[in-house]
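Number of protein chains: 2
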Amino acid sequence: MDKQKLIMLPGPTNVSERVMQAMLKPVINHRGDSFRELYKEVLEKTRQLFQTQGDVVVLSSSGTGGVEAAVWNLIRPGDTAVVPVFGEFSKRLAETVEMAGGEVVQVASEFGTAPTLEQLKAAMDKVGSFKAMFLVHNETSTGVAVPYLEEATKAAREHGAFAVIDAISSLGGYAIPVDRWGVDVCITGSQKCIAAPPGLALLSVSSRVSELLKGSPPKTRYFEILRYLEYGMKGETPFTPALPLYYALDEALEELIEEGLEKRVQRHDRMSTLIYDGLAGLGLGAVAEKSVRSKTVIASYYPKGIDDAKFRRSLSQEKGVVVAGGFGPFAGRVFRVGCMGQINEGYVKTTLGAVRDTLAALSS
Amino acid sequence: MDKQKLIMLPGPTNVSERVMQAMLKPVINHRGDSFRELYKEVLEKTRQLFQTQGDVVVLSSSGTGGVEAAVWNLIRPGDTAVVPVFGEFSKRLAETVEMAGGEVVQVASEFGTAPTLEQLKAAMDKVGSFKAMFLVHNETSTGVAVPYLEEATKAAREHGAFAVIDAISSLGGYAIPVDRWGVDVCITGSQKCIAAPPGLALLSVSSRVSELLKGSPPKTRYFEILRYLEYGMKGETPFTPALPLYYALDEALEELIEEGLEKRVQRHDRMSTLIYDGLAGLGLGAVAEKSVRSKTVIASYYPKGIDDAKFRRSLSQEKGVVVAGGFGPFAGRVFRVGCMGQINEGYVKTTLGAVRDTLAALSS
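Those protein sequence lines, which keep their order, are chains A and B.
Going from the first sequence to the numbering used here is simple: count from 1 and add 1048.
Going from the second sequence to the numbering used here is simple: count from 1 and add 1048.
No lab work stands behind these hints: they were computed from the structure.
A portion of the hints provided could be inaccurate.
As the list makes no split between identical chains, a pair holds if one copy fits it or if it spans any two.
As the list claims (entries may be wrong) - With a Cα cut of at most 20 angstroms, we get these calculated SDA-like pairs of lysine to any residue:
{"id": "1", "residue 1": "K1267", "residue 2": "E1143"}
{"id": "2", "residue 1": "K1051", "residue 2": "R1084"}
{"id": "3", "residue 1": "K1397", "residue 2": "T1321"}
{"id": "4", "residue 1": "K1282", "residue 2": "E1272"}
{"id": "5", "residue 1": "K1053", "residue 2": "E1085"}
{"id": "6", "residue 1": "K1174", "residue 2": "V1152"}
{"id": "7", "residue 1": "K1053", "residue 2": "E1065"}
{"id": "8", "residue 1": "K1282", "residue 2": "G1353"}
{"id": "9", "residue 1": "K1139", "residue 2": "Q1365"}
{"id": "10", "residue 1": "K1267", "residue 2": "G1149"}
{"id": "11", "residue 1": "K1282", "residue 2": "F1375"}
{"id": "12", "residue 1": "K1053", "residue 2": "S1082"}
{"id": "13", "residue 1": "K1139", "residue 2": "P1265"}
{"id": "14", "residue 1": "K1053", "residue 2": "Q1069"}
Let the hints inform the model, and build the full structure from the sequences given.
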């Protein structure tokens, strides 16, 4: 078996031994009491993560499946949605709205930046009335995080719209109190700041959304949120759950709650500062403007003359540290470091040392 | 930690220690060489399961997600589909076709039976030209398997239609040589006769389907088959894969190939006969007519006066054997036994003994 490397990807990320071992718990009936207990636990812990008294669902899918669920449940043909587009994942989100028959009002900004709150509000004012805002919080492709989730949510709701936040690569590293801010749907993934294995998408669902859905079922069965809420009442999922991943998620959320969400957020804060400062000390510049730089994904330009594939292969094979390449227009020019979940000073130090040595070896 | 019980459900089913342990393999980059090797292995082994030289995809979703993928990729609004409906899962399949905007021509038969091949062909002749036939092979809800997959496929193709087979609870216990029979899409799940944990759907995809999709993208991103085929060429999945489940699937398929598909099918054959005979010896009658009874799911009526919940609770708690209840019109009147994957004489004997003793205890 390969040795476990230090996974500094923007997800999947390092998973603790305790969470890994949880996957070995017994196969059980997903329509029986043991699963009902497990799932109720998972839902209760998920509520704590979203800071909500409301509904949550866990889907057996990647985060992209969670986004597709949010879009298909809210958008009907002809509905208008306001979508800030400032990277690969927000671009995909806009396309998904169009697939569902929605009209997208894009609020675009150059990759590496985010639209300002003023630009977003101006777009909303221009449209007047619209069905939903779909806002990617943290652009995993560029390491940009928008700093105005609460204000954007408020603005969307003032226009009578649903506020949907894609926090796949941020929730847990950031706190998003969905009830207090009025977020209608917030989406995250198991393999990012929660530090569980990949394969599950977690969503918070406001009562406004479930009211809407009661009169207007979506065109998907696998991602029909109301069906999950109804089954969730009795501690079940409508379709066979990916059981080992639920065991692992339960354990990972337990770890998160033991640490405390606030402390975990502060840790992400501190560790990301160490990474940004360390990379700057090596003369490497971040893709993101400082005002919008992400605490969970650090995208950094290569020095001139460094080959992306060679660098990442050497970093992985010689140093055992795995980082990601650039996305879209940044492919080949940028590497991305995840600052998620189990991230700690040892990981940061190892990563920075490995980056330094590998750059030196490739430059010599 | 709870003790592992004998899981005689119609999926999830018992998973070998070797397959469970595979989930503990290292977290790796799903855009790196190690994953590419793993996924290419998985795809190659999946091809052997479907007996195809053609394309296959593995989705991070339950079997229901796999069915939704098949429907959304093939059906466009206004398309007509012929769908035999003879249980809960075929009923759901018909509804999913309607969600995608398709017109469904149902070929219905009473639950516990299946439409005859003649009825199915007559319906096709009456419709004349249609887009696709969606045929559930094995109705997990009633323990009925249709015995004419090859003939139905041929008939559908003679009408210029795509032949889609939902073999979620059967493939591996039955052989379905998709190339030889001309099946366009065959769907199965990881947690049935493959005996891996739940959470992955496997699909075979004929070249006729990929040709269609090139000119006509579906309205789903997460389930867009062509995207999976394109990424699959380089050994990747378009979205973050549920990694531990891919490790487990790889190992479970390896076990299947070591045994040999033919031998595994024969084993399911023999074991299901033992179960049917054993239950008959206890005076219990099967829901399915003998000509269409399933080799992988045995649905059996309770004797008069036996309470379903009490029976299954006692069987699980006292005997450590887990079976499923009845579905829809059969709820409370029927229990269902899975005959899948790891099934062997020891499991059968334990199960029959436990059923006998529990019935006796509850009748006394």
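A quick look at each hint next to the structure:
{"no.": "1", "hint": "K1267 x E1143", "result": "both (17 angstroms within a copy, 10 angstroms between copies)"}
{"no.": "2", "hint": "K1051 x R1084", "result": "between (36 angstroms within a copy, 17 angstroms between copies)"}
{"no.": "3", "hint": "K1397 x T1321", "result": "within (12 angstroms within a copy, 62 angstroms between copies)"}
{"no.": "4", "hint": "K1282 x E1272", "result": "within (17 angstroms within a copy, 32 angstroms between copies)"}
{"no.": "5", "hint": "K1053 x E1085", "result": "between (34 angstroms within a copy, 17 angstroms between copies)"}
{"no.": "6", "hint": "K1174 x V1152", "result": "within (13 angstroms within a copy, 43 angstroms between copies)"}
{"no.": "7", "hint": "K1053 x E1065", "result": "within (13 angstroms within a copy, 24 angstroms between copies)"}
{"no.": "8", "hint": "K1282 x G1353", "result": "neither (59 angstroms within a copy, 27 angstroms between copies)"}
{"no.": "9", "hint": "K1139 x Q1365", "result": "neither (33 angstroms within a copy, 52 angstroms between copies)"}
{"no.": "10", "hint": "K1267 x G1149", "result": "both (11 angstroms within a copy, 9 angstroms between copies)"}
{"no.": "11", "hint": "K1282 x F1375", "result": "between (42 angstroms within a copy, 17 angstroms between copies)"}
{"no.": "12", "hint": "K1053 x S1082", "result": "between (34 angstroms within a copy, 12 angstroms between copies)"}
{"no.": "13", "hint": "K1139 x P1265", "result": "between (26 angstroms within a copy, 18 angstroms between copies)"}
{"no.": "14", "hint": "K1053 x Q1069", "result": "both (18 angstroms within a copy, 18 angstroms between copies)"}
Hints 8, 9 from the earlier list are contradicted by this structure; the remaining hints agree with it.
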